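Using the hints, position chain E against chain Y.
Residue numbers (the numbering used here), protein chains in the order written: chain Y, 1432 to 1599; chain E, 884 to 1232.
No lab work stands behind these hints: they were computed from the structure.
Owing to the predicted nature of the structure, the values given are computational and were not obtained by experimental measurement.
We put the beta carbon where it would ideally sit given N, CA and C, even for glycine.
A portion of the hints provided could be inaccurate.
FRET-style restraints, in silico, Cβ to Cβ [stated by the list, open to error]:
{"id": "1", "chain 1": "E", "residue 1": "Arg1039", "chain 2": "Y", "residue 2": "Ala1546", "range": "28 to 36 Å"}
{"id": "2", "chain 1": "Y", "residue 1": "Leu1473", "chain 2": "E", "residue 2": "Arg934", "range": "30 to 38 Å"}
{"id": "3", "chain 1": "Y", "residue 1": "Ala1542", "chain 2": "E", "residue 2": "Arg1159", "range": "54 to 62 Å"}
{"id": "4", "chain 1": "E", "residue 1": "Pro898", "chain 2": "Y", "residue 2": "Ala1542", "range": "50 to 58 Å"}
{"id": "5", "chain 1": "E", "residue 1": "Arg1039", "chain 2": "Y", "residue 2": "Arg1562", "range": "30 to 38 Å"}
{"id": "6", "chain 1": "Y", "residue 1": "Arg1471", "chain 2": "E", "residue 2": "Asn1005", "range": "30 to 38 Å"}
{"id": "7", "chain 1": "E", "residue 1": "Glu1229", "chain 2": "Y", "residue 2": "Ile1557", "range": "49 to 57 Å"}
{"id": "8", "chain 1": "Y", "residue 1": "Ile1557", "chain 2": "E", "residue 2": "Glu1215", "range": "42 to 50 Å"}
Residues from chain Y that keep clear of chain E, each with C-beta distances beyond 10 Å, as calculated [to be verified]:
{"id": "9", "residue": "Ala1537"}
{"id": "10", "residue": "His1540"}
{"id": "11", "residue": "Ser1548"}
{"id": "12", "residue": "Leu1549"}
{"id": "13", "residue": "Ile1557"}
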Amino acid sequence: MATKRTKSAGVDSKRARNPILDLAPGVSDVVRRATAVLERELAVGLETARAAQTRFRETGKVDAADFENALSRLRENGHAVVDLVRDLATEAQSNPNGDLAGRLVADAHQALDLAMSLVEMTPKLIDQLVRSEGASRTKSKPRQNRPKPTKTTPPPVAKRSKPARSAQ
Amino acid sequence: MRATKARRATPGVVPHLLGRYRDLTLAALFQALPAQSPAYLYDLIPDYPRRAGKGLRSALCLATCGALGGRIDRALNSAVAVELFHNAFLIHDDVQDESELRRGEPTLHARHGVGIAVNVGNATNLVALGRLRANREILGSDLAWRVFVESEEMMRHSLEGQALELSWIRDNACDLSPDDYYRMCLKKTSWYTFLYPCRVGALIATDGRYDVARLDRFGWYLGAAFQIQDDLLNLEGDCVRYGKEITGDLLEGKRTLMLIHLLAKASLAEREELRRFLAKPRHERAPAEVERILAQMKAQGSLDFARRAAQELAEAALAEGLSAFAEVPDSEDKRFLLETVRYVVERDR
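Bound-form chain Y, shown alone (with noise of 0.2 Å):
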């Protein structure tokens, strides 16, 4: 399967499995149960999101700890869907079609990582956009205020006024 997942590095990596079905096989049901239980209460991803997308309207700013954080959760439980539909495939194995499913799911596994490489540049796209609207409103600000001119009044001449200059 070509996914980019490690299970083994611990340190400067993303844990990245399936949350229900790498459980050993024959594992018993008393496990199944508190590991779904853990994963209910671990999975704050939408949580974490909207805490993100919260503080993005305060502040005008993306946290990328913040994004970060959903967005791995978010890929955790992607790969996990891709998982457990290969694994509806493995079972099928007198399938004829068995071989196309596998590749399929190999190929959604890249496509969930591709999606969320393109996803994880988001921050900097969005922190760059609103710097870039910022710095055209202060442009447009000046014409915004200016006074309409009429027939009667004479356009104001815009004078150039020498910048201020501090007392060293």
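Structure of chain E alone, referenced to chain Y:
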């Protein structure tokens, strides 16, 4: 246990490191207390820590740090904080559960009254916060902040878990499932006993670069096994070794895995009798009734059911631990972390 058969156990590594790290943590804890105290405040904080506790949480924090190549002294503030948070929980927990004994002696509120006990619990949390603040000098702002955020999350889970348990008692919940129990157990016990100390130790060892999620299942399975074993000891343990009143959980109406199993297995008449018993205030629950319920649990296989669950969770914890620490070089700390699994389900206190 299946997975342990492949490994040669190091005799005594768990008691040995528990003792060493406990001494280290307690010395730092006592040093962190304000030198002067108003009557019945900081002077009572050492009361519970001085009793014969295991020091499991601080040892897990220090051992995880050590196993991942970190310096133990850098994790000491956090180890003290986790021990203080734990003792504050115990003080408040004893008040909420109206418990009489803690580690073989009267609970703090039984000795000094509820008002003083609650205040000492709060002061214990205050001193713990001070240790987290002190982390900034040793770990730097960023890492100290990560530890603080982990602490906040741990506190949130623990309080929410406690709220679940209290609400079940208050509302006399009799239709709970094992999944409800596991959720309460994850939040109330596992987070602060296993997930939090391991996460913090790992973060400190790696300057915040460790993906803490790798230890979550290890901590969670271990915590669940630990809590179930604790609940079993409460029913059949030795009062002197266990340090709390035997069958105290039944007197307090705690929804343990055994009680949930019994409620599901009991006949309609037995179930109604149980419901009436659980609806009573604690002081009206007679010892004879408790004995009868314990006998019913034995007859219905509730204790065996819980014992099996603890064993299976411990096996899963060991498998997770072996996987999470697979690339970590062998050391006393690593052996301690893996051997703790066996200790948790075989302990008698």
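Q) Taking each numbered hint in turn, which are not upheld by the structure, reported in ascending numerical order? A) none
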